[in-house]
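From just these sequences and the hints, can you work out the full model?
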Amino acid sequence: MTALRRLAVALAMLISFFPIYWLVSTSFKPHDEWATFPPVWLTERPTLQNYRIVFAPELAREVAATEAGSLDYKVSASAWKAFADSAIISTAATILSVLFGTLAAYSISRYRTGGENYPFQFLTIRMFPPIAVVVPMVVVFSFVRLSDTYPGLIIAYTAFTLPFSIWMIRSFIDEVPEDLESAAMIYGMGPMKAFLTVTLPLVKGGILATALFVFILNWSEFLFALTLTQGKIVTVTVQVANYVSASSGKLYGVQAAMGTVSTLPVILFGYLIQKHLVRGLSFGAIKR
Amino acid sequence: MAPSNDNATAPKLELREVDKRYDRVHAVKRLSLRLMKGEFVSLLGPSGCGKSTTLAMIAGFEPPNSGEIAVDGRRIEHLPAQRRRIGLVFQDYAVFSKLTVRANLSFGLEAKGTPRDTRHRLVAEMASRLELTGTLDRRGGRLNMSEMQRVALGRVLLTEPELVLLDEPMSNLDAALRAGLRSELKQIQKQLGQTVLYVTHDQVEAMSMSDRIAVMNAGELQQYGTPDEIYNRPRNRFVAEFIGDPPINLLPCEIKTVAGRMVADTACHRGLVLGRGRIDPGRHWLAIRPHHIVAAPAPGVGWAPAIVRFVENLGAEHVLHVEYGDSLARVVVAPGFAGEGETVHLAIDPARAHLIDGASGDAVPLAPAEAAA
Amino acid sequence: MGGARKRARPTADARGNALMDQDTAATMPTTRIRKPLIPFNVGLVLPAQLTMLAVVLAPTLIAIYLSVTDWQPTAGVPWYRAEIVWFWNFYDLWYDERYINALWRTLLVVVVAVVCELAIAIGLALLFLDEWPWRKLAVSVLILPMMIVPVDAANAFFMLFNDRGPINHLIGMAIGRSFEFSWLSDPNWALAPIVLCEIWQWTPLMFLLMLTGFTNLLQNQIRAAIVLGASRVRIFFRIMLPLLMPVIAVALLIRGIETFKIFDAVYILTRGGPGASTETISMFMYNGAFVYFRIGYIAAAALLVLVVVVSICLALSRPLKRHHG
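Chains as they are written, first to last, in our numbering: chain X, 1 to 288; chain L, 1 to 373; chain Y, 1 to 325.
Rather than coming from a laboratory, the hints here were simulated on the basis of the structure.
Given the structure is predicted, the values throughout are model-derived calculations rather than measurements.
Ideal Cβ placement from N, Cα and C applies to all residues, glycine included.
Warning: the hint list may mix true and false statements.
[As the list claims (entries may be wrong)] Straight-line alpha carbon distances no greater than 27 Å define the calculated DSSO-like cross-link-like pairs of lysine-lysine that follow: (1) Y/Lys136 with X/Lys193; (2) X/Lys250 with X/Lys81; (3) L/Lys98 with X/Lys287; (4) L/Lys98 with L/Lys37.
[To be verified] Stretches of chain L that chain Y covers, calculated by requiring three or more beta carbons in the stretch to come under 8 Å of a beta carbon on chain Y: (5) 53-66; (6) 94-101; (7) 104-114; (8) 151-164.
Written out as structure tokens, the structure reads:
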């Protein structure tokens with residue numbers, strides 16, 4: 001029984017790990033090992049060439065000429081640009097989402113604003129397939145000149161992460177007894193000041209976790225980034241997709257390198273807030 | 001201290017030198033305990049004294065680090081909890097909230113593979129005995145505390161366990177409910193002749209239901225005896241202070257030996273003749289229950305005056321907190337005997353007092369003073 | 001919503017007034033009651049609410065308008081002057097096999113993926129109920145897939161399921177002869193990598209949900225069942241599973257909704273192809289709007305989906321509510 005259990009756990013760990021291993025290991029493979037048969041499990045000639053191409057696409061032409069003449073490196077934007085765009089948009093949207101979310105969560109938690117069902121309307125936004133909203137949004141955005149701009153994507157990201165911010169922060173605030181604030185208010189503090197001086201310090205860890213969580217969502221977002229931009233703004237996810245679709249997806253090493261670097265920050269953040277992931281992804285419904 | 005009927009059959013439950021350590025805590029220290037068949041024994045102690053750990057080891061949730069646990073003389077430490085045939089009633093009753101009362105009651109029988117007809121009959125019998133017939137089809141989550149307790153008990157009794165362990169089953173209840181459930185529980189236990197080990201921190205429960213009480217503190221057994229022995233002959237300071245309500249008075253005293261007899265001087269009383277015993281002269285404790293200090297309105301020979309600081313009204317009796325040397329002593333009197341600030345006169349019955357060694361904290365055995373005369 | 005707000009107002013006012021009394025009592029003895037234009041607590045939700053309305057309500061209204069037009073950005077007419085075709089879009093959708101198929105296919109993906117995720121997750125969680133060395137590390141490794149960017153997960157699967165990728169190689173090793181199969185270009189099999197990618201990435205979340213659920217279970221009920229002599233299997237089905245039901249319901253609801261939206265993996269792996277054989281509802285709408293530029297038609301399709309999704313969710317959101325208590 002225990003041996004069987006160990007085997008099951010080991011197998012599950014292997015399956016969890018393998019695709020990521022493959023992504024990372026391919027990113028270090030030289031061009032001629034990308035698609036050999038049988039596949040190369042672990043390259044003996046690791047190279048940083050793929051990463052160089054990701055960050056400096058102009059290199060690709062030389063490489064293409066010497067090593068892979070038949071391959072067509074279509075992606076011309078550097079990953080630096082994608083990283084910068086993703087960082088700007090994700091950070092701004094995260095700040096807005098958490099700020100608005102904290103205010104709303106405080107109001108909902110302490111004043112029962114709008115009654116019991118009110119917070120659920122924020123969840124409806126997570127129920128829509130975003131593509132259903134995107135189609136009219138593209139029309140609106142091009143009408144108000146927001147498409148392919150930072151504010152456009154920031155607004156969209158803020159709105160679509162608000163349900164997480166509100167519900168997650170609310171669940172943290174709910175855990176702080178309201179009496180603490182009442183006690184502060186008896187000494188003459190206003191409600192906002194009582195919240196800021198008494199409750200906020202107690203939930204700031206939770207708010208930080210929420211911020212990281214929302215950042216991960218923003219960074220990982222693909223559909224809006226794909227449809228609300230026309231090439232001036234390129235997020236990391238769109239960059240990855242560009243590599244996959246370029247040359248009918250034969251740029252394995254380069255696309256693996258792009259995939260690896262684009263996912264690193266969120267893996268880091270993900271493990272930082274590991275114990276809050278369940279709460280976040282269940283909108284605060286399931287807690288540890 | 002040990003039960004006297006060694007000649008009879010093996011005890012129902014025997015713990016021999018059972019020891020349990022966690023990382024930093026020595027939870028149970030070489031505990032030995034024997035329960036005879038049909039006995040109701042309480043494991044009494046403050047929270048954190050190791051009584052719950054003891055229970056967990058008997059039930060099979062915690063392995064002891066050393067020592068033996070035997071039921072009917074057969075060792076069970078190596079058996080998994082499933083196969084120990086020991087019933088356990090949890091503090092929160094742990095009634096299966098998603099199952100009906102009927103399914104709760106028959107759960108253990110189903111697990112044992114009892115045939116359907118027998119199961120139905122036994123469940124119906126138990127339900128009527130415990131007055132649960134009307135609730136049989138209700139979900140466990142929708143019961144009140146009294147019903148939950150009876151379901152938890154009935155569920156365990158139906159499996160005919162060798163031994164039933166109860167883990168503070170009354171601690172979640174209102175005081176009013178407790179008295180009723182206490183007598184109910186005791187009655188059921190007597191009817192069935194079931195051996196019971198009852199864990200509690202409530203001395204009233206232990207005193208009122210038990211055949212014997214094992215008092216534990218800090219992982220160690222302090223005293224094991226009948227409620228009478230525990231109350232009237234505490235073995236040490238801890239037992240003396242833990243048992244009894246209002247709590248016993250511990251009066252500092254000076255002991256000298258006069259003509260082979262020990263004589264105690266307290267702050268207010270001099271020359272209390274305690275009897276014969278062996279103790280180093282010096283400062284010790286005189287433990288006397290508030291009921292055994294006599295108060296009178298007028299002075300007499302050997303009576304000491306004392307000022308009443310405040311009065312605790314218990315209804316049937318009053319507890320006077322009187323100045324006694326540097327500290328306060330408790331004296332039980334009839335209602336209306338004296339008010340705050342009044343002076344009363346106190347006498348101590350030395351025959352009811354216990355002498356506790358100031359250094360070791362153990363009670364000093366005393367032979368009656370008359371024997372020396 | 002308006003009614004609900006009215007109900008909340010007295011609380012807010014009572015609290016606000018109580019404070020104001022203290023403020024005024026300290027500074028000025030006169031009674032001057034300011035009535036704020038917007039109650040304090042309503043003001044606090046306004047930024048969030050307005051963002052929501054701007055990004056959901058406005059587009060939805062425009063979607064309703066577009067859905068009765070046949071507007072295409074390539075037609076040369078601005079969208080607000082598009083020709084009104086009334087309900088013909090909806091009529092066409094009803095007979096659009098590609099749309100209906102995409103709907104059914106999406107439901108199939110949802111059911112298969114979510115059921116597999118749940119089954120694996122419960123099985124795994126059961127292995128993690130008691131302490132064992134390296135348990136924490138094992139959990140950290142097991143949740144790795146949900147940590148990575150979905151596009152990158154699809155990217156990895158794109159390479160794994162390549163003609164000459166490791167999956168084919170492993171199958172070849174298992175059956176003992178060379179195996180080469182173009183998963184992503186076979187209409188019958190292209191959906192498999194997509195579903196597997198989804199399961200791979202999101203089983204960890206289910207696993208965490210179930211693990212949390214199990215550890216929050218009333219341990220004493222399980223212990224009680226143990227001392228009553230019940231076997232592990234009986235305890236699992238009779239005691240643990242019923243107690244876990246609320247968590248399972250929440251997990252199914254959340255994952256069901258998320259999986260219904262599936263887009264990233266489809267886009268990266270197949271773009272809905274070959275043909276339309278892996279087109280999910282999101283992919284169908286993307287292709288319709290951004291490949292064929294039939295904005296009016298897709299707006300109508302989107303509205304239908306919204307109606308379906310919202311009504312299903314409202315019906316199912318009860319367990320979530322009950323859980324929040």
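Quick rundown of the hints versus the structure:
no. : hint                   : verdict
1   : Y/Lys136 with X/Lys193 : violated (40 Å)
2   : X/Lys250 with X/Lys81  : holds (23 Å)
3   : L/Lys98 with X/Lys287  : holds (21 Å)
4   : L/Lys98 with L/Lys37   : violated (35 Å)
5   : 53-66                  : holds (count 3)
6   : 94-101                 : holds (count 6)
7   : 104-114                : holds (count 5)
8   : 151-164                : holds (count 4)
Checked against the numbered hints above, the structure breaks hints 1 and 4 and satisfies the rest.
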